[in-house]
Amino acid sequence: MHPGKCWAFSGSQGFLTIALSLPVRVTHVTLEHIPKSLSPTGRIDSAPREFAVYGLSGFDEQEEGKFLGRFTYNSDGEPIQTFELPDSVKDVYRAVQLRVLSNWGNPEYSCVYRFRVHGQPLPH
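Count the sequence shown with mature numbering (1 follows the signal peptide of the UniProt record, and there is no 0) and you get residues -21 to -1, 1 to 103, in order.
Just to be clear, a hint being listed does not mean it is correct.
[To be verified] Now the in silico label distances, taken between C-beta atoms and shown as ranges:
#, residue 1, residue 2, range
1, GLU42, SER81, 22 to 30 angstroms
2, ARG93, ARG22, 15 to 23 angstroms
3, THR9, PRO(-19), 17 to 25 angstroms
4, GLY21, LEU80, 23 to 31 angstroms
5, GLU57, GLY37, 31 to 39 angstroms
6, GLN99, PRO(-19), 31 to 39 angstroms
Rather than coming from a laboratory, the hints here were simulated on the basis of the structure. From the three backbone atoms N, C-alpha and C, an ideal C-beta is built for every residue, glycine too.
Throw the hints in and build the complete structure from the sequences for me.
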(Lines of atoms letter the chains of each structure in order from A and count residues from 1; the text may use other names and numbers.)
(Lines give C-alpha, C1' and ligand atoms only; values in the text may rest on other atoms or scores of the structure.)
Protein backbone atom coordinates (compact mmCIF):
# COMPACT_ATOMS: atom_id res chain seq x y z
CA MET A 1 0.00 0.00 0.00
CA HIS A 2 1.39 3.37 -1.02
CA PRO A 3 0.31 6.88 0.07
CA GLY A 4 -1.93 8.43 -2.55
CA LYS A 5 -2.79 5.12 -4.30
CA CYS A 6 -6.42 5.35 -3.27
CA TRP A 7 -9.89 6.29 -4.45
CA ALA A 8 -9.74 10.01 -3.67
CA PHE A 9 -12.73 12.33 -3.84
CA SER A 10 -13.21 16.02 -3.24
CA GLY A 11 -14.35 17.12 0.22
CA SER A 12 -15.33 15.00 3.20
CA GLN A 13 -18.38 13.22 1.76
CA GLY A 14 -18.76 10.83 -1.14
CA PHE A 15 -20.01 7.41 -2.13
CA LEU A 16 -19.12 4.40 -4.20
CA THR A 17 -21.20 1.45 -5.29
CA ILE A 18 -19.77 -2.04 -5.66
CA ALA A 19 -21.45 -4.63 -7.88
CA LEU A 20 -21.08 -8.07 -6.31
CA SER A 21 -20.23 -11.08 -8.48
CA LEU A 22 -23.02 -13.09 -6.81
CA PRO A 23 -26.04 -12.16 -4.70
CA VAL A 24 -24.78 -12.03 -1.09
CA ARG A 25 -26.21 -11.78 2.42
CA VAL A 26 -23.74 -9.22 3.72
CA THR A 27 -22.39 -9.89 7.23
CA HIS A 28 -19.31 -7.63 7.49
CA VAL A 29 -17.49 -4.85 5.67
CA THR A 30 -13.82 -3.90 5.88
CA LEU A 31 -12.39 -0.42 5.38
CA GLU A 32 -8.67 0.12 4.87
CA HIS A 33 -6.49 3.24 4.95
CA ILE A 34 -2.72 3.67 5.16
CA PRO A 35 -1.29 3.73 8.69
CA LYS A 36 0.00 7.00 10.11
CA SER A 37 3.54 5.60 9.88
CA LEU A 38 3.29 5.56 6.05
CA SER A 39 1.72 9.00 5.75
CA PRO A 40 4.15 11.75 4.65
CA THR A 41 2.54 14.10 7.20
CA GLY A 42 2.21 11.53 10.00
CA ARG A 43 -1.57 12.12 9.94
CA ILE A 44 -4.43 10.35 8.21
CA ASP A 45 -6.93 13.21 8.17
CA SER A 46 -8.15 12.12 4.72
CA ALA A 47 -9.34 8.77 6.13
CA PRO A 48 -13.11 8.25 6.37
CA ARG A 49 -14.44 8.83 9.87
CA GLU A 50 -18.20 8.20 9.83
CA PHE A 51 -19.61 6.02 7.07
CA ALA A 52 -22.80 4.14 6.26
CA VAL A 53 -23.41 1.01 4.22
CA TYR A 54 -26.47 0.38 2.04
CA GLY A 55 -27.59 -2.77 0.23
CA LEU A 56 -28.98 -2.59 -3.30
CA SER A 57 -31.08 -5.26 -4.99
CA GLY A 58 -29.83 -4.33 -8.45
CA PHE A 59 -27.88 -1.79 -10.42
CA ASP A 60 -30.56 0.89 -10.86
CA GLU A 61 -28.96 4.28 -10.22
CA GLN A 62 -32.30 5.55 -8.88
CA GLU A 63 -32.46 2.91 -6.12
CA GLU A 64 -31.96 4.42 -2.65
CA GLY A 65 -30.82 1.17 -1.10
CA LYS A 66 -31.55 -0.33 2.30
CA PHE A 67 -29.62 1.01 5.28
CA LEU A 68 -27.40 -1.76 6.68
CA GLY A 69 -25.38 0.11 9.29
CA ARG A 70 -23.40 3.18 10.31
CA PHE A 71 -19.82 2.88 11.55
CA THR A 72 -16.77 4.86 12.67
CA TYR A 73 -13.28 4.20 11.34
CA ASN A 74 -10.83 4.62 14.25
CA SER A 75 -7.90 6.77 13.08
CA ASP A 76 -5.82 5.48 16.02
CA GLY A 77 -6.67 1.84 15.32
CA GLU A 78 -5.32 -0.72 12.90
CA PRO A 79 -5.24 0.34 9.24
CA ILE A 80 -7.55 -2.56 8.29
CA GLN A 81 -10.81 -2.45 10.28
CA THR A 82 -13.73 -4.86 9.93
CA PHE A 83 -17.27 -3.95 10.97
CA GLU A 84 -20.05 -6.43 11.69
CA LEU A 85 -23.52 -5.68 10.37
CA PRO A 86 -26.48 -6.21 12.72
CA ASP A 87 -28.00 -9.71 12.77
CA SER A 88 -31.24 -8.13 11.54
CA VAL A 89 -29.70 -7.82 8.05
CA LYS A 90 -31.18 -10.90 6.37
CA ASP A 91 -31.77 -9.77 2.79
CA VAL A 92 -29.58 -10.66 -0.15
CA TYR A 93 -27.99 -7.90 -2.26
CA ARG A 94 -26.41 -7.64 -5.69
CA ALA A 95 -24.59 -4.40 -4.88
CA VAL A 96 -23.36 -2.52 -1.81
CA GLN A 97 -22.92 1.22 -1.45
CA LEU A 98 -20.35 2.85 0.85
CA ARG A 99 -21.37 6.39 1.84
CA VAL A 100 -18.58 8.36 3.49
CA LEU A 101 -20.26 10.91 5.78
CA SER A 102 -17.15 12.61 7.18
CA ASN A 103 -13.37 12.29 7.36
CA TRP A 104 -10.78 13.00 10.06
CA GLY A 105 -10.42 16.70 9.24
CA ASN A 106 -9.05 17.13 5.72
CA PRO A 107 -11.18 19.88 4.11
CA GLU A 108 -9.89 19.24 0.58
CA TYR A 109 -10.27 15.50 -0.03
CA SER A 110 -10.88 12.03 1.39
CA CYS A 111 -9.26 8.70 0.47
CA VAL A 112 -10.47 5.10 0.56
CA TYR A 113 -7.65 2.63 0.02
CA ARG A 114 -9.72 -0.53 0.10
CA PHE A 115 -13.32 -1.46 0.87
CA ARG A 116 -14.29 -5.11 1.16
CA VAL A 117 -17.67 -6.79 1.43
CA HIS A 118 -17.99 -10.11 3.30
CA GLY A 119 -20.98 -12.40 3.49
CA GLN A 120 -22.77 -15.55 2.48
CA PRO A 121 -23.36 -16.02 -1.26
CA LEU A 122 -26.83 -17.11 -2.33
CA PRO A 123 -26.79 -20.87 -2.95
CA HIS A 124 -27.13 -21.89 -6.61
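Results of checking the hints against the structure:
1. GLU42 x SER81: 22 to 30 angstroms: Once the Cβ atoms are compared, 24 angstroms apart, the range 22 to 30 angstroms for SER81 and GLU42 holds.
2. ARG93 x ARG22: 15 to 23 angstroms: holds, 19 angstroms
3. THR9 x PRO(-19): 17 to 25 angstroms: Given range 17 to 25 angstroms: holds, Cβ gap about 20 angstroms.
4. GLY21 x LEU80: 23 to 31 angstroms: holds, 25 angstroms
5. GLU57 x GLY37: 31 to 39 angstroms: About 34 angstroms separates the Cβ atoms of GLU57 and GLY37, which means 31 to 39 angstroms holds.
6. GLN99 x PRO(-19): 31 to 39 angstroms: holds, 35 angstroms
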